[in-house]
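> Build the complex from these two chains, which are given one at a time in their own frames, with help from the hints.
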Amino acid sequence: MYSIKELENIARQVRRDILRMVNGAASGHVGGPLGSADFLVALYFDVMQPDPTAFSMDGKGEDLFFLSNGHLSAGWYSVLARYGYFDVKELASFRKLGSRLQGHPATQEALPGIRMSSGSLGQGLSVAIGAALTKKMNLDEHLVYCLMGDGELEEGQNWEALMFAAAHKVDNLIAVIDYNGKQIDGPVNDVLPLGDLNAKFEAFGWKVFPMYGNDMSEVTGTIKKAQWFTGQGQPILLLMTTHMGCGVDFMTDNHEWHGVPPNNEQLARALGQIEETLGDY
Amino acid sequence: MMKYSNTGSKDTRSGFGEGLLEIGRQDPRVVALCADLTGSLKMDAFAKAFPERFIQVGIAEANMMGIAAGLTIGGKIPFTGTFANFSTSRVYDQIRQSIAYSNKNVKICASHAGVTLGEDGATHQSLEDMGLMRMLPNMTVICPCDFNQTRAATLAIAKHTGPVYMRFGRPKWPNFTPVDQEFVIGKAQVMREGKDVSVFAIGHLVWNALSAAEILQEKGIDAEVINIHTLKPLDENAVLNSIRKTGCAVSAEEHMRNGGLGDTIAQSFVRNFPAPLEMIAVNNTFGESGKPEELLKKFGLDVPDIVNAALKAITRKKERNF
Numbered sequence: 665m666y667s668i669k670e671l672e673n674i675a676r677q678v679r680r681d682i683l684r685m686v687n688g689a690a691s692g693h694v695g696g697p698l699g700s701a702d703f704l705v706a707l708y709f710d711v712m713q714p715d716p717t718a719f720s721m722d723g724k725g726e727d728l729f730f731l732s733n734g735h736l737s738a739g740w741y742s743v744l745a746r747y748g749y750f751d752v753k754e755l756a757s758f759r760k761l762g763s764r765l766q767g768h769p770a771t772q773e774a775l776p777g778i779r780m781s782s783g784s785l786g787q788g789l790s791v792a793i794g795a796a797l798t799k800k801m802n803l804d805e806h807l808v809y810c811l812m813g814d815g816e817l818e819e820g821q822n823w824e825a826l827m828f829a830a831a832h833k834v835d836n837l838i839a840v841i842d843y844n845g846k847q848i849d850g851p852v853n854d855v856l857p858l859g860d861l862n863a864k865f866e867a868f869g870w871k872v873f874p875m876y877g878n879d880m881s882e883v884t885g886t887i888k889k890a891q892w893f894t895g896q897g898q899p900i901l902l903l904m905t906t907h908m909g910c911g912v913d914f915m916t917d918n919h920e921w922h923g924v925p926p927n928n929e930q931l932a933r934a935l936g937q938i939e940e941t942l943g944d945y
Numbered sequence: 456m457m458k459y460s461n462t463g464s465k466d467t468r469s470g471f472g473e474g475l476l477e478i479g480r481q482d483p484r485v486v487a488l489c490a491d492l493t494g495s496l497k498m499d500a501f502a503k504a505f506p507e508r509f510i511q512v513g514i515a516e517a518n519m520m521g522i523a524a525g526l527t528i529g530g531k532i533p534f535t536g537t538f539a540n541f542s543t544s545r546v547y548d549q550i551r552q553s554i555a556y557s558n559k560n561v562k563i564c565a566s567h568a569g570v571t572l573g574e575d576g577a578t579h580q581s582l583e584d585m586g587l588m589r590m591l592p593n594m595t596v597i598c599p600c601d602f603n604q605t606r607a608a609t610l611a612i613a614k615h616t617g618p619v620y621m622r623f624g625r626p627k628w629p630n631f632t633p634v635d636q637e638f639v640i641g642k643a644q645v646m647r648e649g650k651d652v653s654v655f656a657i658g659h660l661v662w663n664a665l666s667a668a669e670i671l672q673e674k675g676i677d678a679e680v681i682n683i684h685t686l687k688p689l690d691e692n693a694v695l696n697s698i699r700k701t702g703c704a705v706s707a708e709e710h711m712r713n714g715g716l717g718d719t720i721a722q723s724f725v726r727n728f729p730a731p732l733e734m735i736a737v738n739n740t741f742g743e744s745g746k747p748e749e750l751l752k753k754f755g756l757d758v759p760d761i762v763n764a765a766l767k768a769i770t771r772k773k774e775r776n777f
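Those protein sequences? They're chains A and B, same order as listed. Each residue of the first sequence is one higher than the one before, counting from 665 in the working numbering. Each residue of the second sequence is one higher than the one before, counting from 456 in the working numbering.
For reference, chain B alone in the conformation it holds in the complex (with noise of 0.2 Å):
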C-alpha cells in the first residue's frame, strides 16, 4: 500500500483549470462557459488558448445553464463554470429540466464548495449542493480529494456521456494522489488499509482522514481510508467490503449531514448490513466568515473530530457485537 504525503499544497480548483486547459487540447468538442468568475475558477488558460470555445454569460446563472443544455445539441461537450452555490440552487430548476430530465451532455463544474470557502461566509459557503444534485436522476455527482485529482477527474467527465456535477475548493490544500493517475467515476479508492474501523471520506477531507488514520495507528488502531471520489454512483461493492471487514465506519465531508456522503452511506448500510457510522458533516446549520482552517475546527470537520469519531465508531462496535 503506498504511504501519501503532501507534495505541496495547491487548489483543487486549479487543478479543474489545468483539466479544462489539457481537455480542451484534446477534444475540440469541449467549450467552456463561465458567469464573471473566470479567475476564481481558473478558467482564464482556457479563455486565453480557446477563445472561440469560451462564452462569457455574465452574471446570469441561470441563462448559462440553459446555453451550456443546448450547446450539447449539435455535439459539443459544454463545461460551466461559477461558485458550487450559484452552479447548484440558484439554478435548480434549469439543471433539473434542461440538463438531467433531458439527459444533456453539460459539465457543471462548481468551485468554492463547503466552509474552506472561508471570509465570505454563509451566502457562498455551498454545504448543500451535493445533496441536491444526488436527487437528480441521470446526474453523476464528483468531488476529487487534491488538485492531481481534480485535474483528472476533469478529464474523465469530459470522456463521459451524461450529465455530471463536480465539486472544489478555494483553498491551496495537500496535493497527495499521484500526478499521473487515470481517475475512474463511480470506483472508490482505498488509500490505506485497515482492519478496525472504516473511514470514508470525499473531496478536502480525505486529507484529514488519511492524518486522522495516524494519529489512530499511534493509537494502535488500524483504520482504512476510503476516497469515495464519486457520491453517484455510490461504489457500493468497496463500501460493503470494507464494512464487512472492519464492523464500524465514520463518514468525513465537508458538506450537510443531509443529503451528503454519510447519508448516502448509511442508506446502503441499512439495507444491505446495519453497521455504526459516525458522521463528521456540518449538521443543519449555515457557515460563517473565518479562516478555512477556523471553520473546519468549529464545525467540527478537523482531524481530532474524525479521530474521536472513529474511537466512538469502534465502542458502538464493541457495546453491540458487531
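Next comes chain A alone, as it looks inside the complex (with noise of 0.2 Å):
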C-alpha cells in the first residue's frame, strides 16, 4: 500500500519521464498525459496493483486498463514501466526505430502491459466492453478500466459503445473521461460543444460520478466509491476534471501543448517545476 505522499511522488517522476520521453524522441504529446498522470499512478499503484511479473494477453483473474485516447501513450509507457512491467530505461527508446515503445500502444512488440492497440480514436470503449463481457461469461469478478479523452467524444463509435454498455447492463466497467476542455485545434467547446456531458451519460444510462483528477486523494477516493456500484446492472463512468498540461505551468490548460514536443530549453524549465523522486531513467 502507497500512502498518498508517495503516489504524489509516483507521479512527479512519471511527469518528469513524459516531458523527458516526448523531448527525446522531439515528438510525441506532453499535455494529455501531464493530465492525466495522478489518475494513471493511483489506477495501477493503489487501485488494480496487477502482478507486473505475470503479464498475460487474457489477463484472467485480474484487473484490466484499456487506454482509448492511445495519444496519453508517454504517460502509460511511464507507469508501466515505474510499476515494473519492464526496465525505466526502456523508456528513452520511445518513439525511435526498432522501440516496443511506439508513438501509439501497440501490441506488435509485445510490450507487456498492453493487450490493444489505440491511437485511433473512438475504439477503446467497445474494446472494453467486450473484454468486461468476457469477463462476466469467465466467472471473472474482476473489473475493466477504460480511459477516453473528451474531444475523443466527437466519434460516433463512441455514442453506440454507451448505448450498448447500460442496456446490456455491463456493470464491471469503469470508464473514464480525461475532461480537460482541450483538443489540437483548440478548446473543445471551439472545436464542438460536447454540452452537458453529465445528463448525457446519465440519459445513456450510466451511473456518473464526478471526479477531480488531479487531486490524488480525491482520485483514488472516487474510484474506491464507484467500485461500490459496480455489480448494480449499471455501468460506471468518471468525468474527470483534469488540466492538461498539469504540473508545468506555462503547459497548464495551453491546449498548444497537446501535440508539441518540448525544446531543450522548454525542457529545463519545465523540469526545474517537478521535483525527481524516483530518480530519472
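Hints in this document: simulated from the structure, not taken from any laboratory. Just to be clear, a hint being listed does not mean it is correct.
[Stated by the list, open to error] Derived EDC-like pairs: lysine to aspartate or glutamate, alpha-carbon spacing no greater than 20 Å straight-line:
#, chain 1, residue 1, chain 2, residue 2
1, A, Lys800, B, Glu749
2, B, Lys627, B, Glu774
3, B, Lys627, B, Asp499
4, B, Lys627, B, Glu507
5, A, Lys888, A, Glu805
6, A, Lys753, A, Asp944
7, B, Lys614, B, Glu637
8, B, Lys614, A, Asp722
9, B, Lys458, B, Glu648
10, B, Lys700, B, Glu648
11, B, Lys627, B, Asp482
12, A, Lys889, A, Asp944
13, A, Lys724, B, Asp482
14, B, Lys674, B, Glu749
15, A, Lys833, B, Glu507
16, A, Lys800, B, Asp482
17, A, Lys888, A, Asp710
18, A, Lys833, B, Asp491
[Unchecked claim] In silico negatives: residues of chain B with every beta carbon more than 10 Å from chain A:
#, residue
19, Ser464
20, Ala500
21, Arg508
For each residue, glycine too, the CB sits at the ideal point set by N, CA and C.
Take a look at the structure:
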C-alpha cells in the first residue's frame, strides 16, 4: 500500500518521464499525459495493483485497463515501467526505430502491460466492453477500466458503445473521461461543444461520478467509491476534470501543448518545476 | 478425379449458420455477435441454442468490431455477422486497429457479398470487400464456393488462431462439394484437371467455372479448374504448378478486378511465371438492382463469359508461344 504522499511522488516522477521522453523523441504528446498522470498512478499503484511479472494477454483473474486515447502513450509507458512491467531505461527508446514503445500503444512489439492497439480514436470503449463481457462469461469478478479523452467523444462509435453498455448492463466496467476541455485544434467548446456530458451519460443509462483528477486523494477515493457501485446493473463513468499540462505552469490549460514536444530549453524550465523523486531513467 | 454435380441448391449463408451452430456445440469459447441481421446471416439457430453466447449489438457495426476484439481478451472466439459491406468498408479502421494490427482472434463473417445479392442494389453489393481485407497484415481471407464448403470453412476458421475474414452469399446456389469435407485454410482445390487452360475461381463462380469447363470440353479444350477458396494466403504452389502446365489462365470472381483474385494471381504470375491471364471480374463500376442471374450476365461473370475468356487466353498463349 502506498500513502497519498508516495503516490504523489510517483506521479511527479511520471511527469518528469513524460517530458523527457517526448523531448527525447522530439515528437509526441505531453499535455494529456501530464493531466492524467495522477489518475494512471492511482489506478496502477493503488487501485488495480496487477502483478507486473505475470502479464498475460488474457488477463484472467486481474483488473484490466484500456487506453482509448492512445496519444497519452508517454504517460502510460512511464507508469507501466515505474510499476515494474519493464525496465525504466527502456523509456528512452520512446518513438524511436525498433522500440517496443511505439508512438501509440501497440501489441505487435509485445510490450508487457498492453493488450490492445489504440491511437485511432473512439475504439477503446467498445474493446473494454468486450473484455468486460468476457469477464462476466468467465465468472471473473475483476473490473475493466477504460480511459478516454473528452475530444474523443466527438467520434460516433463512443455513443454506440455507451448505448450498448447500459442496455446490456455491463456493470463491471468503469470508464473515465479525461475532461480537460482541450483538443488539438483548440478548446473543445470551440471545436465541437460536448454539451452537458453529465446529463448525456445519465440519459444513456450510466452511473456518473464527477471527480477532480489532479488531486491524488480525491482520485483514489472516488475510484473506490465507484467500485462499490459495480455489479448493480449499470456501467460506471468517472467524469474526471483535469488540467491539460498539469505540473508545468506554462503548459497548464494550454491546448498548444497537446501535441508539441518541448525543446531543450523548455524541458529544463519544465523539469525545474517538478521534483525528481524516484530517479530519472 | 471426381465429377461434381449439384446435390440440391442451397445458400452459402445457411452453410455458415449450420457451421456456427456446430462449432458452438463443439467449443464453448465460441461467441457470436450480430448487428440486427440475425435472420439474414442464419445465426438464429446459434442464438437460440446459446443465448448466453450470442450478443445482439443493434445497428452499430463499429461497436460490434470493437466488442469482438475485446472479447478475445480472456479467450473467447468471437464471430461477427453482418453483410459484406457493413463487415468491411463501413468498419475498416476498427478492423485495422483493433483486430488486424492488434492481431485479435476475431472471425469476421460476411454475407450478401457480390452482385448475386441482387435486388438491393449497389449500396449493399460489396465488390471491394476481399481487396480491403487482403491488404491488412495478419488477416486471412476466405470465400468458400458452396453450402457444404461454407459449413466446413466455418469449423476450420474457429480452429485457426488469428483474424479471419470470410465472405459468402445470399442466393440459393448449386451445392456440389462433399458434405464431409475437411476445409484446409490456404490449400487450393483442383476441382478438375486439364492441360490447355487454368481457370482459377473463388466463391459462387467456382460452379460457373466447372460449367464452363464442360462446354470447353465439347469444343475439344481441356480446362483445369482450381478453387481458390483462400484468397490470402494464396496457395501459390497450386497456382504456379497449374500455370506451368497449361501456360494460360482465367480468373473468375464476384468482386472488383482491383484487389481481388485476378489481381492476386497476376502478382504471382509477374514475379514467377509471366503468362496470359484473362480476368472475369467487375471492372471499376458499381453494381445495380436485378436478379442474380441477370446481374451475373450484365457484369460478364456468367458461364459463357468464362468460356470466351478461356478461348481468348488460349489464343494469346499461342500467339506468344508460351
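> Name the hints, by number, that the structure is in violation of.
Result: hints 1, 2, 4, 11, 12, 14, 21 break, sorted rising.
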